[in-house]
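S.K.: The primary structure of each chain is shown beneath.
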Amino acid sequence: MNLSKTLKNGFLILVACLVLNACATKKTETIGQLQGDVYTGSESVEYLASGVPDRVFFATNETVLTTASRETLRKQAAWLRKNSDINVVLEGHADERGTREYNLALGERRANSAKDYLMTYGISSDRISVLSYGKEKPVDSGSNPLSWSKNRRSVTVKAN
Amino acid sequence: MLFRYLYVLLILLPIKAFALIEVDITRGNLNPLPVAVSPLAIDKSSKDNFKKILKKENLGLEISAIVENNLKQSGLFNPLNKEAFLQKPDIANLKPRFEDWNLIKAQALVTGKVTFVDEKLRVEFRLWDVLAGKEMMALAFTTVPNNWRRVGHIITDKVYERLTGEKGYFDTRIIYISEEGPKTNRIKKLAIMDQDGFNNKFLTLGNELVLTPRFSPTNQMVTYLSYFRNLPRVYLLDIETGMQEVVGDFPGMTFAPRFSPDGKKIIMSFAKDGNSDIYTMDLENRIVERISNHPSIDTSPSYSPDGKYITFNSDRSGYQQIYVMNSNGKNVKRISFGNGLYGTPVWSPRGDLIAFTKLHKGKFYIGVMRTDGTGERLLTENFYQEAPSWSPNGRVLIFYRETKTNIKGEGFSAKLWSIDLTGYNEKMVETETDASDPSWSSLLSN
Numbered sequence: 001m002n003l004s005k006t007l008k009n010g011f012l013i014l015v016a017c018l019v020l021n022a023c024a025t026k027k028t029e030t031i032g033q034l035q036g037d038v039y040t041g042s043e044s045v046e047y048l049a050s051g052v053p054d055r056v057f058f059a060t061n062e063t064v065l066t067t068a069s070r071e072t073l074r075k076q077a078a079w080l081r082k083n084s085d086i087n088v089v090l091e092g093h094a095d096e097r098g099t100r101e102y103n104l105a106l107g108e109r110r111a112n113s114a115k116d117y118l119m120t121y122g123i124s125s126d127r128i129s130v131l132s133y134g135k136e137k138p139v140d141s142g143s144n145p146l147s148w149s150k151n152r153r154s155v156t157v158k159a160n
Numbered sequence: 001m002l003f004r005y006l007y008v009l010l011i012l013l014p015i016k017a018f019a020l021i022e023v024d025i026t027r028g029n030l031n032p033l034p035v036a037v038s039p040l041a042i043d044k045s046s047k048d049n050f051k052k053i054l055k056k057e058n059l060g061l062e063i064s065a066i067v068e069n070n071l072k073q074s075g076l077f078n079p080l081n082k083e084a085f086l087q088k089p090d091i092a093n094l095k096p097r098f099e100d101w102n103l104i105k106a107q108a109l110v111t112g113k114v115t116f117v118d119e120k121l122r123v124e125f126r127l128w129d130v131l132a133g134k135e136m137m138a139l140a141f142t143t144v145p146n147n148w149r150r151v152g153h154i155i156t157d158k159v160y161e162r163l164t165g166e167k168g169y170f171d172t173r174i175i176y177i178s179e180e181g182p183k184t185n186r187i188k189k190l191a192i193m194d195q196d197g198f199n200n201k202f203l204t205l206g207n208e209l210v211l212t213p214r215f216s217p218t219n220q221m222v223t224y225l226s227y228f229r230n231l232p233r234v235y236l237l238d239i240e241t242g243m244q245e246v247v248g249d250f251p252g253m254t255f256a257p258r259f260s261p262d263g264k265k266i267i268m269s270f271a272k273d274g275n276s277d278i279y280t281m282d283l284e285n286r287i288v289e290r291i292s293n294h295p296s297i298d299t300s301p302s303y304s305p306d307g308k309y310i311t312f313n314s315d316r317s318g319y320q321q322i323y324v325m326n327s328n329g330k331n332v333k334r335i336s337f338g339n340g341l342y343g344t345p346v347w348s349p350r351g352d353l354i355a356f357t358k359l360h361k362g363k364f365y366i367g368v369m370r371t372d373g374t375g376e377r378l379l380t381e382n383f384y385q386e387a388p389s390w391s392p393n394g395r396v397l398i399f400y401r402e403t404k405t406n407i408k409g410e411g412f413s414a415k416l417w418s419i420d421l422t423g424y425n426e427k428m429v430e431t432e433t434d435a436s437d438p439s440w441s442s443l444l445s446n
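Line order of the protein sequences matches chains L and Y. With this note's numbering, the residue at position 9 of the first sequence is 9, and numbering never jumps. With this note's numbering, the residue at position 131 of the second sequence is 131, and numbering never jumps.
A few of these clues could be false.
Said to hold, decoys possible - The calculated PhoX-like cross-link candidates involving lysine-lysine, where the alpha carbons are at most 20 Å apart (straight line), are:
| no. | chain 1 | residue 1 | chain 2 | residue 2 |
| --- | --- | --- | --- | --- |
| 1 | Y | K82 | Y | K113 |
| 2 | Y | K82 | Y | K105 |
| 3 | L | K137 | Y | K404 |
| 4 | Y | K82 | L | K137 |
| 5 | Y | K113 | L | K137 |
No wet-lab data here; the hints were simulated from the structure.
With the hints as constraints, model all of the structure from the sequences given.
M.R.: The following block contains the structure:
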């Protein structure tokens, strides 16, 4: 990875941290399995390997990674570094509370947000492809805030 | 295509200039015009021939029933009960006894005749002003018998146009996404049907996810999003030949396609590295042009009918809002400033309004605003609804609505609905399966 790219990614993370801190001072109330409106539970989560969760969750209309999401992605990056023959698809999803076309773009942005983070932890972009499903593939069919929080996700799937 | 076989054979009488009855479609119509649609007269031998070919007992009655249903669905007309009609169809078509029709409070009367001529279906019909005791219009069509439903729609279009002063929208089709199966594993197919729900056909088998179909201006082609081989790309389908092709060679997802008003270009979004921008591709020379260039989500583009402007939604302000720009991407202006999020802008075929979806405080609205963003008017509120598409005369919007599921995640459905620009006449459009992403064709014949 060249220097300018490293700097760019570093900058992205810095911006992400600033945004998150701004949010953190406002509200990070944890109610049940929700922190703010980001899902923190483990239902529907699968594992790429022992201790390596396959997905990260997002706040409504957001593509910023939470502290927990970054931790998950660091675990994924470590696992990918150990298994250099494995490529992955990052599948980005949105909840049903948005228009279909915008949600396709939002899913793409969420998956890329996860991809950028994996790249800063040394995973080559050649090994990562991105696929957005928008709101087309919910894991939870409920029409309530908890169900929606489970559906706002980026899932790392083995491609080979 | 079938449409080609349909032509106006002759005009029996020129349309007279003195309109006596007039229906105002610019306001909600709480007093629909009482109209009598007399069954079209049919002679015995024609009746027998059509029965053999089309398996319809009385084609005259069938066609008049289409007209009646269309008029009723428009919300502007109140077709009267046939039981009350005093005059026989054949005699009424020659010379109505206006006192009889006046007696049952009919203000307009449609009569006609169906005959079997040289293996073809010949239909003539007349529109009468009952109070004035005058003929308002008389027309005849000849077509292949299989087109009989279209004849009913064309008659309705002519009657609607004569009485409202504006083109109708009945001889049209809807392309949409048929949906089946549980919410977490929906099977989606491209489907097409007549505006009244008949002649439904599936155009894909459901092997891959398909979304957002839109007609070309001549209705021969459809552009849509397909996940064929798990690569979400914009496709072009020729309805007549079934030929399909990917639009452009993009290294990532293309989506939200629509045709330009001249049918020569497809406008769509291309997503790359978390950024979606708007592009066009010329269908003749395959030249791809980037129209918007902003590190935000720019999508759902729709041209103005003159092709000079594009409306789209973008979250460049932080939230999804509606913008208008020149068709070359210059002079971008935000036009939505109300509370909430705005998306799916679509330019009216009349050019004066933009229909949209709005999300505010957990509710979804279908609304319209002027092209400069003023005069916002919300037509309908629901748990979830989006993606309005205009009738070709710009008087009706079709969209889809999804239901809220219960605590167990059960009870999901997606249906097509329509509503008049006036905010009246909201109703579900019947489909064989669940349905979403409707797109209204232009008039198949004029």
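S.K.: Among all the numbered hints in the text so far, which are the ones the structure does not match?
M.R.: 4, 5
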